[in-house]
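Listed below, chain by chain, are the residues.
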Amino acid sequence: MISLKTEKGGTASKGVVPPFLLNWLGLLPFAALIFVFLVVPAIGVFIQALHNSDGSVGFGSMREAVTGQNFDAFVFSFGFSLGTATVGTLFGLLVAYAIAVTSRPRWVRGVAMSFSGVTANMGGVLLAFAFLSLLGRQGVLTKIFSALGWDLYAGDFNLGNTVGLIVVYSYFNIPLMVLVSLAAVENVKGTWREACSSLGGNAFTYWRRVGLPVLSPSIISGFLLLFANSFSAYATARALTDNSKIVPLRIGFFLSGDIKTGTDSLGYALAAWMIIVMAVCIALYWIARSRAERWQRA
Amino acid sequence: MQLMSKQWKKALAGVTVLGLSLTACGGSESSEESDMSSETTTADAASSSGADLTALYEECKTEGKVNLIALPDEWANYKGILQSFRDKYPGVENPVANPDASSADEMAAVETLAGQPDMPDNVDVSPAIAQEMVDKGLFEPYVVTSDAEIPAGLKDAANNWTAAYYGIMAITTNTKIVSTAPMTFADLKKPEYKGLVALNGDPREAGAAFAAVMAASFANGGSADDILPGIEYFAELKSSGNLGSTDVTKETVLSGETPIAIDWSYNVPGLAGELEAAGITYETHFPSDGIYGGFYGQGVVKNSPHQACSKLWLEHLLSNEGALGYLEGGAVPARIEALTKAGLVTDEVKKNLPPEELLGQVKFLTPTQVAAAKKVLAEKWGPMVADAG
Amino acid sequence: MRDNGRPVWAYFVLCITGLFFLAPFLTMARFAFQNVLVIDLGWSNLFENWSFDKATAAFGATYFAESLWYSLRLAVFTSVLSVAIIVPTAVFVHLRLKRLRTIIEFFTLLPYVIPAIGLVAGIVVLKPYIRGFIASDYSLVPFYAVLSLPFTYRALDSALQSLPLETLVSASRSLGATWTQTLFRVLLPNIKTAVISGVFLTIAIVLGEYTIADVLLKRTLPAFMVEYRGTDPRGGYALAVLTLALTTLLFVVLGLLTRSRHEKSRSS
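Protein chains in written order, with the numbering used here: chain A, 176 to 473; chain B, 40 to 428; chain C, 147 to 414.
Hints were generated in silico from the structure; no laboratory data involved. No experiment lies behind these values; they were computed from the predicted model shown. Worth double-checking, as some hints may not be accurate.
Unchecked claim - Distance condition first, Cα-Cα at most 25 Å in a straight line; then the derived DSS-like pairs of lysine-lysine:
no., chain 1, residue 1, chain 2, residue 2
1, A, 318, B, 229
2, B, 289, B, 277
3, B, 289, A, 318
4, B, 341, C, 338
5, B, 289, C, 364
6, B, 419, B, 233
7, B, 104, C, 364
8, B, 215, A, 318
9, B, 341, B, 104
10, B, 277, B, 419
Unchecked claim - One-sided excerpt, in silico: chain B residues whose CB lies under 8 Å from chain C:
no., residue
11, 139
12, 154
13, 195
14, 216
15, 218
16, 293
17, 295
The beta carbon of each residue, even a glycine, is placed where N, CA and C say it ideally should be.
With the rest of the complex left out, here is chain A (with noise of 0.2 Å):
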């Protein structure tokens, strides 16, 4: 393949700008849409972060919003997120598998892509009552269950509870594991499977030394992805549960209502340090990701 590109100069340039240059101002469109509409917003949060509560600037407010109550809501947001995208992760897996291994017939795959891209947006007080409508108290299967003899609420069941939150993220967070490592699992299945049984191997050895390993990149990517979004998730929560021991509930308390409690620059401190988790949280991803895309073209 002959190529007329040098490493940092293109092909014939016309124009007077020296092609070093030219690279970079390609870039221009681009990094001004981030700069302008996502890190400019993202610096000014910061800037009201780095207030105290009397005004004066300085760490005040940043300090407070990780102690007491909202360092409890930090924990809890992020154990819980790590429950939900465990069980995305898992679950998702599950599905992607079988969506890989199903050929016939064959609407199968392009159905379920559907529906994932739909599914994975969801969120927010739709989803939380559509989930009311099925489970709730005044809920069609809930009603079923008591006619079957089985009183759901008897015990401490609530979709507003943990266990109950995780069965509705799930809604988005499964969809969203298959959007993301449909791909990556359909390689895994193939070709690989048959060349590692014609070299000796069972099933066993096969994920073990191959699929796993093969597979790792795209699933923790999954996974980060997973607990990014649950952890940003708001209006669903809102709407389900009075608990407030989730980050963005409480940032919505100083963005929103009737009665505003404490200072603005808490709030903006309670969403820097969410931004600084998301951060890390995507960092890991693109890591993991990459390392995943390794595998895809193979």
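Got chain A; can you put chains B and C on it based on the hints?
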């Protein structure tokens, strides 16, 4: 319609008219008839200072509309009040943006839309937000013509805002789902109501929920300076499992998911029609053990695009038609004394109101007391109620 | 048992999953279209009181048509902006800045780093300074374009990976084509499916996004639906059900469009 043309003739005969031709005539422009409006328009003969308002009306007609915000149809019968305004002042529109916006959202809208044609002209906000707006200089002080008849506790000293209505806490029960409706705060603790009691929001955020906790505090030995018994009460409800965690919205009410709601007394009558259409029977009780009166303040927004109409709207809210409209919605109008003296408060009109003996006990919190209560809530509500269990 | 395309266990898993995903959707639709309280629901009245009335009433609501039209316009403009910025950028990166590919991809993930509520908080901070900009109807477009970045870029990235990009470009250029001609006549046809898939995902985002529209006080279709739910919940959910069904259909169509290409590359 006859009364309308009389008013038109009066207006023409009066002060100089500018651009009458601009406004599209035709009485009330909305062709949908609201059952509730017919009763309120007949009383306009009794509205005070009619002459002064004519000039304001003329000015308003040139503006053409008043931008309103956060006025749900079934909240204190705003549907009827909006309609009666249109009936009384033809040619003036009163669109409502964002009916479900909270008070803080209203303030945010005023700030965000400053200078835009759709900037809200008038707001209806909780006392806390009203105070914040006063501090930020967002109001245009205006003395309503009926100012003398409004108690001091229901208006701002500097005339920045006036509270046209108030209500008390009520417990409304969906009797299709719950056979025996609870009547007091003490009742709500009964085990048969497990998971069925709902607050309208989080008291750290929502005015109605704040009021509920305050009312519960009164019911359990607290006072205007002490909200802690209320928090403890709800902590008990939460640990016994009686307090449900689902957020109360119109759909959860209609589906029966939140069958026992503690909310403002004036939030129920507006829903009557829909509840019936859905086949829901309900009962409203005013807990005699916890009487908390709360109001929302309305005021003219400074530098808004339609100043005259905004003032006219405020006048309307505090007029007899407005007051009767509020009564219909189960809210107590600010000028209830004046109305009662004028003989306008018949039994028929009072049917949605809480009983008089309860209303007599209403005392409003001062801004300082509200601020103090907020602080306690911020510290204690989370650990004791919301995040517990 | 394996690799015959009809594994029983997979069917079982997929059926259960399908049920899990359809169930809430169905009960939500039932709430919207059937006027019977769950407490009254039984075999006898299972098929009674169904009507499309609430949906029709919603279509006739004051701001429905306006908000629908507004959201469609936003979808079009966002797709155009998104594609106009990302396609050249992706091509550019693949041609000239290969080493930076993964770094660029990290930047496209920023919308996940700064999630909706964080972005909204930031916008609240900036609001006083950008009032003029916010006043415009189209102020949502760049924000939505940014939200669509992860999906659009990823689709294009994969597509461009599988192309012999440099060969195509140098061949085209050596035959005398300009950059524009190369882009439109040579490259675009080859990444057509990725572009279309990116556009569809962008449309889905625009039709579903609420938080940012809310803070900028724009009455988009999702914002209207939230508002309408406060007035007429069943009508509001009827609209939601219809929108979801339509969006799924959109994706199925997208799937059909991309299927033929995928069938060829799929190992069986």
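We went through each hint and held it up to the structure:
1. 318/A with 229/B: holds (24 Å)
2. 289/B with 277/B: Holds, because 22 Å separates the two Cα atoms, which is no more than 25 Å.
3. 289/B with 318/A: holds (21 Å)
4. 341/B with 338/C: violated (53 Å)
5. 289/B with 364/C: holds (23 Å)
6. 419/B with 233/B: holds (23 Å)
7. 104/B with 364/C: holds (20 Å)
8. 215/B with 318/A: holds (15 Å)
9. 341/B with 104/B: With a Cα-Cα distance of about 16 Å, the restraint between residue 341/B and residue 104/B holds, given a limit of 25 Å.
10. 277/B with 419/B: holds (14 Å)
11. 139: holds (4 Å)
12. 154: holds (7 Å)
13. 195: violated (25 Å)
14. 216: Status holds, d = 6 Å.
15. 218: At about 12 Å, which exceeds the 8 Å cut-off, the nearest Cβ of chain C leaves the hint on residue 218/B violated.
16. 293: holds (5 Å)
17. 295: holds (6 Å)
In the structure shown, a violation is registered for the earlier hints numbered 4, 13, 15, in ascending order.
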